[in-house]
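Build the complex: two chains, separate frames, hints provided.
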Amino acid sequence: MKNEIKGAREKREFVLSVISLLLMAALVAMAQFDLLPIVGKYEKQVLNLCAIYTILGLSMNLVNGFTGLFSLGQAGFMAIGAYTTSLLIMAPETKDRVFYLEPIHPFVGALQAPFWVALLLSGLLAAVVAFFIGFPVLRLRGDYLAIATLGFAEIIRIIFLNTQTVTNGSMGIKAIPPTANLFWCFGAAALMVLFMLRLIHSTYGRAFKAIRDDEIAAEAMGINLFRHKMYAFILSAFMAGVGGGLMASVVSAITPNLFRFTLAYDILLIVVLGGMGSITGTVVAAFVITIAKEWLRWLDAGFTAGPLKVPEIPGLRMVVFSVLLMCIILFYRQGFFGSKEFSWKGLAALPKNLGIKIRRLFSRDKKEAA
Amino acid sequence: MFTFTLPELLQQMANGLTVGCLYALVAIGYTMVYGILRLINFAHCDIFMMSMYFCFYSISVFSLPWPVALLLVVVATALLGVLIEKAAYRPLREAPRISLLISAIGVSYLLENLATVLFTGVPRSFPAVGSLQKIVNLGDVRVQQLAIYAPVIMLLLLAALLYLINKTKTGMAMRAASKDFETARLMGINVNKTISVTFLVGSALAAVGAVIWGQKYSQIQPYVGVMPGLKCFIAAVIGGIGNIKGAVVGSLMLGMLEILMVWRFSALSGFKDAFAFIILIIILIFKPTGLFGETFVDKV
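Going line by line, the protein sequences match chains Y and S.
Each residue of the first sequence is one higher than the last, beginning at 21 in this note's numbering.
Each residue of the second sequence is one higher than the last, beginning at 29 in this note's numbering.
Next up, chain S with everything else stripped away, as it sits in the complex (with noise of 0.2 Å):
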C-alpha cells in the first residue's frame, strides 16, 4: 500500500492543491456571509451554478472572447449575490435567524428550478478557456497547466482580499460589522451598503472559482453546485467559520486529503464524498469550533 514513487506523489498533490484552491475560492464566499450575517447561505452554491451557466452562454452560445466573458461572468454573478441580498435577506435584517435561513434555503430552490426552467436540465459541457487543459512537464511531473495557475489565482485574490479587509476603509466597516451591526451604525457605518460589498466579493470570488472549476469537471447541470458548495460549506467549518484565513487553510487541507485518500484507498473511492464529513467532525470533535473560530463565549 505505501509503495509509490516521488514524482506519483507529487502529481497527486498537485492535484490536491488546485482542488484545494478550488474550494478556497468558494469557501470565502460562504465564510464572508457568515461572518457578518451569522447566515449558512444555502444559495451561496446556487451562485455559483448560475455563473458556470454564465460562463456556458457567453462562450459556448454567444461565443464573446473569453477575457472579455471572463469579465462579464464576474461583474455578472456579483450583481445576482448583491440582488438575492437586497430582495431575500435585507427585509429580515431584524427577524431571528431561522427566517433567514429559510429565506436563503427558497433563494436556492429558486436559483436551481429558475436554472431547470431556464436553461433545461439537460447537461451540458462547460467551454475549455484559453489554455489552461494543457499538460506540462516539470521534471519527472505531468500536470495539467491548470495547477500552476489555480493557486496564482488565488493567492493572488486572497491577498488582495486580505488588502481590502485589513487597509480599506470599507474593510473596517466590513469588520466593524461583522462584530455589532448597532455599534457600527453608531460610528456612521453604512450597514447595507457594507454587506452589500461582502456579497459583491464573495459572489466575484466563488464565479472565479466557478470557471476554473469548469476547467475541471466540466458537465454543468442545475444541481451541478449543491456536492461543491456543501464541501466548499464544509472546508469555511473546519477553518472556523467567519474566518477568512480558517477558510483558505480547512479548503487547502481538505482538497489535499480528498485526493489523496482517493489516490491511496482506491477501493475506498465509492466513501469520497463521506470522507470530507469524517474530517469534519474528527476536526469538530477536538475544536468544536474548528480550526481557528472565535470560541463561544457564555453570558449570563
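Excised from the complex, chain Y in its bound form (with noise of 0.2 Å):
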C-alpha cells in the first residue's frame, strides 16, 4: 500500500519534470527562433554564455565540490576545446585569411569537422591531456594541487602563444562560424546536467563523495583514491573542453590570453555560490552571475538617482559586482543551495520552510536583543 503511494508520488514528479522539461525546450525553441519579444540578439548571446558557464561551472563542481579536489586548471582545458572547434569548424580558405602573419600549417589547414564532431573532438583532446597532467598532479594534496593544475593551465596557454603556425600565437584567431545557437548551448548544458545527475547516483559518484569527505575511509572501503580522483579529473577536462568549444564559436574571436588563469577565479565564484557539491546550485548561479554581470553594465554609462547624478565611470560596473560578490560570501557562505538539490518535494515544501526560517531569524533576534 505504502509502495503504491510512492509509486504515485514518484510518476507524478516524473510528469511534472517532463512537462518542465519541455516548456523550458519550447521557450528556448520560441528564443532562437525570434518569437520571444524580450530576447533580441543581444540577449541570446548572454543566454548562451548562461548555458556555456553551466557547463563549466559542473565541470569544475565534478572535481571541486563532489571529489574534493582543490583545481584550478579549468582555463587551460577550455583552450584546448576552444582552438580544437575554432581549427576544425573554420572553412580552410578563412583560415588562411586568419593566419596573415605566418601560414597555418598544412595539416592543421586542411582539417574541417562537423560541429558536434569537433565539439565532442574538443572534449576528447581536453580529457587526454587532462589523462597526462593527472599523473604527476593528483598525487598533490591541497593547495599544492591546485597550483600545480593552475600551472599546468598557464603553460598551455603559453604554449598556444608561441605556436604561431597552429594558433596564431598572440594574435588569436578571428571569424569563427557562429555555429553555436541557443539549441547548441542549451541543447550540451542539459546533457551534461543529465549526465552528472545519472553520474552522482552511481557507484562512481559515491566513490567521489567518499573520497571528498574522507580519503582514508574511502581507501579502506576498496576505492582505488588514484584512479577515481583520475576519472573525476578527465571527466571534468571533457566538460571544459565542450564549454570551451561552444564559447569559441560563440564569442567567435579568441586569443590565448583569454584564457588566462583568472578564469577559473569565475567559474570557482559561479560553484561556490550555487552551492559546492549542489548540481541545481550551480545552473542557477551560472544564470545568476552571468546575467547580473551584464545588468549591472548601465551603471558604466552613468546615471541618476533621485538628485545624485552619477557621470560616465567605465569600470564602476565590476567595483559593485564585487562588493556584491563578497558580500554575498560574508552573509550566505553556503552559496544558493548548500548541498541541496532542487526535488519537487522541497518545491512544495518550500513555503513551510521558508515560514519556520523567518520565524527562527526573529526569535534569534529577540534573543540577542535579550
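No wet-lab data here; the hints were simulated from the structure.
Take the hints with a grain of salt, since some may be wrong.
Here are the computed distance ranges between Cβ atoms for each label pair [as the list claims (entries may be wrong)]: (1) S:Leu146 with Y:Lys194: 53 to 63 Å; (2) S:Thr323 with Y:Arg247: 42 to 52 Å; (3) S:Phe314 with Y:Leu328: 55 to 65 Å; (4) S:Leu146 with Y:Pro126: 49 to 59 Å.
What you are looking at is a predicted structure, and each value in this text was computed from that prediction instead of being measured.
C-beta: ideal position from N, C-alpha, C; glycine also.
Right under this line is the structure:
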C-alpha cells in the first residue's frame, strides 16, 4: 500500500519534470526563432553564455565540489577545446586569411569537421591532456594541487601563445563561424546536467563523494583513490573542453589571453555561490552571475539616482559586482543551495520552510536583544 | 651554447639575485598569511599593485621627497592589508576554507576594479627612486646599483622579521596561532590581533618589494600585480608554503633560474612565464610539499 503511494508520487513527479523540461525546450526554441519579444540578439548571446557557464560550472563542481580536489586548471582545458573547435569548423580559406602573419601548418589548415564532431573532439583532446597532467598532479594534496593545476593551465596558454603556425600566437583566431546557437548551448548544457545527475547517483559518484569526505575511509572501503580522482579529473576536463569549444563559436574570436588562469576564479565563484556539490546550485548560479554581470552594465554608462547625478565611470560595474559578491560570501557562505538539490517535494515544502526560517530569524533576534 | 665569459655570467647572476630578492619580499607575505590562516591570499598581488600606485602618487603627483614618500607608502600599504583582513577575512574565521578563498578572490577583483576606476587603466611610469638605477662597475661586471641594494635590503628585512618571529612575544603568538587557534586562545593569545600583525608585516614587506620592483619594471597599470604575484606565490610553494626561509630560498632559486634560462636559451624566451611553472611542477613531483614544507600527516 505504502509502496503504491510512493510509486504514484514518483510517477507524478516524473510527469512534472518532463512537462517542465518540454516547457523550457519550447521557450529556448521560441527564443531561437525570435518569437519572444524580450529576447533580441544581445539577450541571445547572454543566454548562450549562461548555458556555457553552466557547463563550465558543472565541470568544476565535479572535481571541486563532489570529489574534493581543489583544481584550478579549467582555463587550460577550455583553451584546448576552444582552439580545437575553431580550427575544425573554420573553412580552409578563412584560416588562410586569419593566419596572414605566418601561414598555417598545412595539416591543420586542411582539417575540417562538422560542429558536433568538433565539440566531441575538443572534449576528448582536453580529456587526453588531463590524463597526462593527472599523473604528476593528482598525487598532490590541497593547495599544492591547486597551484599545480593552475600552473599547467598557464603552461598550455603559453604554449598556445608560442605555436604561431597552429594557433596564430597572440593574434588569436578570428572569424570563427557562429554555429553555436541556443539549441547547441542549451542542448549541451542539458546533456551535461543529465549526465552529472546520473553520474552522481552511480557507484562512481558515491566513490567521489566518499573521497571528498574522507580519503582514508574511502580507501579502506576499497576505493582506488588515484583511479577515481583520475576519472573525475578527466570527465571534468572533457566538459571544460566542450564548454570552451562552444564559447569559441559564440564569441567568434579567441586569443590565448582569453584563457588566463583568472578565468578559473570566475567559474569557482559560480560553483561556490551555487553551493559546492549541488548541481542545481551551479545551474542557478551560472545564470544569476552571468546575467547580473551584464545587467550591471547600466552602472558604467552613468545614471541619475534622484538628486544624485553619477557621470560615466567605466569599470564601476565591476566594482559593484565585486562588492555584491563579497556581501554574498560574507553573509551567505553556504551558497544558494548548500549541497542540496532541487526536488518537487522540496518545492512543495518551500512555503512552509520559509515560514519556519523567518520565524527562527525573528526569535534569534529577540534572544540577542535580551 | 656554452661559450660565455665569467663577467657575463656574474652580471646575469646579479640580475637573477635582484629578481629573486624582489620575489622574496612578496613571497614572504603569501607564506606568512598561509602559515597562520591556511589561506592563499589572492589579494596579496593587488596589495602590491596598490602600493605601486601609492608610490606613484606620493612621488610623481604630490612630489614628496622620496624618504618621506617611502615611509608613507609602507604605512599605507600595511594599513590596507590590515583593513582587508578585518573586512573580508575576519568575519569568516569559523567558515570553511573555500569561503575564505572566494572572499580573497572578491577582494582581488575589488582592488583591481577600484584601481581601474580611481587611477584609470592608462599605464603610468613609476618614479625613479634616488640613485638606484645608476650603473656601477665592479671589476668587469657592470650592474645597476639596485643589484647591490636589493639583496642588502632584503637580508636586513629578513633578519628583522626572523627576530620578530623567533625572539619576541608577538612572534611567539604568531607561531602559536599558526599551530592551533583554539589552544593559542587558551594560552591567553589575542588571535585576531596576531593575525592583524601578520597582515601588517606581510603587506609592509610587499610595499618595499613594490617600490624596488618599480625601479626594474617601471610600467604600472591595475593588473600589474597579477604576474609577479603568481610568480611569488609559486616561489613560496616551491619553498614549502608556510615556511619563511623556504619562501626566500624558493624566490632566489626561481629568480636566478628564470634569468639564466632567458639568457642562455633566448630562443625560448617566449616561454619565460611557463618556465616558473615547469620548475614548480618538477619540484612538486619529487617533494609534494615543497622544499621545506611540512609533510601531510594522515590522521584517522
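Honestly, do leucine 146 of chain S and lysine 194 of chain Y meet the 53 to 63 Å range at C-beta?
violated (34 Å)
Does the Cβ distance between threonine 323 of chain S and arginine 247 of chain Y fall inside 42 to 52 Å?
violated (24 Å)
Using the beta carbons of phenylalanine 314 of chain S and leucine 328 of chain Y, state whether their distance is inside 55 to 65 Å or not.
holds (60 Å)
Could you tell me whether the CB distance from leucine 146 of chain S to proline 126 of chain Y stays inside 49 to 59 Å?
At 51 Å between Cβs, range holds.
Figure legend: structure checked against the earlier numbered hints; hints not met, in rising order: 1, 2.
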